[in-house]
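Asker: Residues per chain are reported as follows:
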Amino acid sequence: MMTLPLNDAGMWSGLVCGLLFGFVLERAGFGSPCKLTAQFRFTDWSVLKVMFTAIVVAAGGLALLRALGWLPADALFVPSAYLGAAAIGGALVGAGFAVGGYCPGTSVVGLMSGRLDALVFLLGLLLGTGLFAWGWSSGLEAWTLAGELDSGDTLQEAFGIPDLWAVGAMALALVGVYWLGGRMERRGRGPVSAAEAVQGAHPD
Amino acid sequence: MKPNPAMSSASCSLQPRPFWPSWLAGIALGLVLLLTFVWTGHGLGATGASTRLTAALAHGVAPAATEANGYLGPLVKQGKPLASWISWQVLGVAIGALAAAWQAGRLRVQLDGEHSVGRGRRLLSALGGGVLAGFGARVAAGCTSGLGLSGAATLGVAAFVFLALFFAVGIVASRLLRGV
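First to last, the protein sequences are chains G and U.
When we follow our numbering, the leftmost residue of the first sequence carries the number 545, and every step to the right adds one.
When we follow our numbering, the leftmost residue of the second sequence carries the number -11, and every step to the right adds one.
Calculated from the structure, these hints are not laboratory results.
All values reported here derive from a predicted model rather than from experimental measurement.
C-beta: ideal position from N, C-alpha, C; glycine also.
Some clues are possibly wrong.
[What the hints assert, rightly or not] One-sided excerpt, in silico: chain G residues whose CB lies under 7 Å from chain U:
#1 G613
#2 W614
#3 P616
#4 V622
#5 A631
#6 V653
#7 G672
[As the list claims (entries may be wrong)] Cβ-Cβ distance ranges computed for the label pairs, FRET-style:
#8 L164(U) - A617(G): 48 to 58 Å
#9 M555(G) - P62(U): 45 to 55 Å
#10 L663(G) - L12(U): 27 to 37 Å
[Said to hold, decoys possible] Take a look, some chain G residues computed to stay more than 10 Å from chain U by CB distance:
#11 L563
#12 L592
#13 K593
#14 A639
#15 A677
#16 W723
#17 V742
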């Protein structure tokens, strides 16, 4: 009987998983704010394609491990279903991404590929965190608990959707993303190339 | 790392190597995420580290106020930022990204966006975007990686709500305001 996950909380698992994460994000082109924000203008669909592919691969792998009985159903950390908090946070991080050109993780990748604007974004990230902490006891704590879904945290618990169905539906939607994204990339200016990304953003 | 002729020619000709195609990067990212779950019991993240760094910096500047703060106080009690897994993970991200950018000839010091929107405006947009993202990630208890990507892999409902609003507001905001 295998006992997964290993629940390693040490330095080495952090360094190794992080190193692979950072390497792949850079290889995808996600250190470039020009490439990242082009997703929102629909000229470069890399963000949606890469994220969605990764979600399907990881969710499929985890569902398979559960189906084989190698991974207990409740063994992994699942974010709590405070849907109001997730909606407010998603809106703010989306706005920050559109304006600043990065999300928190990709700003580290941007900085390490030499982008000083990513350093400024990271500074803003610390300021935003401080601002949140400052308002914590004057009402912000309630925001983090907004809109709790009582029935459960996962699609299975909350709506009774079996894991493999959810993964199958996401895989079908992924095909749609590649089809639609490819079409819009061919009609528009197309994905931001590595040479363009290294030169930095220029007016269209 | 052993020297490799392709690498030196890439850095001489100033011609960076192409990015990986999205399907390849996506599969690789999915496998890294799967490995992380199986190894540690949770996914990948980012703002867990910046939040602990904020707590440590604030504690250096104003120790009493930080310890009394309802949000940062408990984090300060947990010890230095490097006592937590997420800080090592973000350090790993930095090392991995640096190695990848350098090896592919994509390492270039620049203020990205100064040619498109101007230096002053770019500094302001980067700072403002960071503030919005930092604040938002604390409300949602996670960012694009920690809640969006990792949460969706566990089929968490909150992750899908986060991602839907992330894309919807991002699309609208990028139409209203150009920051890069």
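Asker: If a hint holds in the structure, say so; if it does not, say that too.
Answerer: A quick look at each hint next to the structure:
1. With a cut of 7 Å, the hint placing G613(G) at the interface with chain U is violated, because the nearest CB-to-CB distance is about 14 Å.
2. With its C-beta approaching chain U no nearer than about 9 Å, W614(G) sits outside the 7 Å limit, and its interface hint is violated.
3. Violation of the interface hint for P616(G) is found here, the shortest Cβ-Cβ separation to chain U being roughly 11 Å, above the 7 Å cut-off.
4. The beta carbon of V622(G) is positioned within 7 Å of a beta carbon in chain U (closest approach about 5 Å), and the interface hint is therefore held.
5. Taking 7 Å as the C-beta cut-off, the interface hint given for A631(G) holds, the closest approach to chain U being about 5 Å.
6. The criterion of a C-beta within 7 Å of any C-beta in chain U is met by V653(G), whose closest approach is roughly 4 Å, and the hint holds.
7. A cut of 7 Å between beta carbons decides the hint on G672(G): the least distance to chain U is about 3 Å, and the hint holds.
8. A hinted range of 48 to 58 Å for the beta carbons of L164(U) and A617(G) is inconsistent with their spacing of about 43 Å.
9. Separation of M555(G) from P62(U) is about 22 Å and departs from the stated range, judged on CB atoms against 45 to 55 Å.
10. Between L663(G) and L12(U) the beta carbon distance is about 29 Å. The supplied range of 27 to 37 Å therefore holds.
11. With 10 Å as the threshold on Cβ separation, the claim that L563(G) sits away from chain U is violated: the shortest Cβ distance comes to roughly 4 Å.
12. L592(G), annotated as away from the interface, has a beta carbon of chain U within 10 Å; the closest lies near 8 Å.
13. A beta-carbon of chain U is positioned within 10 Å of the beta-carbon of K593(G); the least distance is around 4 Å.
14. The non-interface label for A639(G) is inconsistent with chain U: the shortest C-beta to C-beta separation is roughly 5 Å, within 10 Å.
15. For A677(G), the non-interface assignment is contradicted: its Cβ lies about 4 Å from the closest Cβ of chain U, within the 10 Å cut-off.
16. At roughly 13 Å from the closest C-beta of chain U, the C-beta of W723(G) stays outside 10 Å, upholding its exclusion from the interface.
17. At the 10 Å boundary, the C-beta of V742(G) falls inside the reach of chain U, the nearest C-beta of that chain being 5 Å off.
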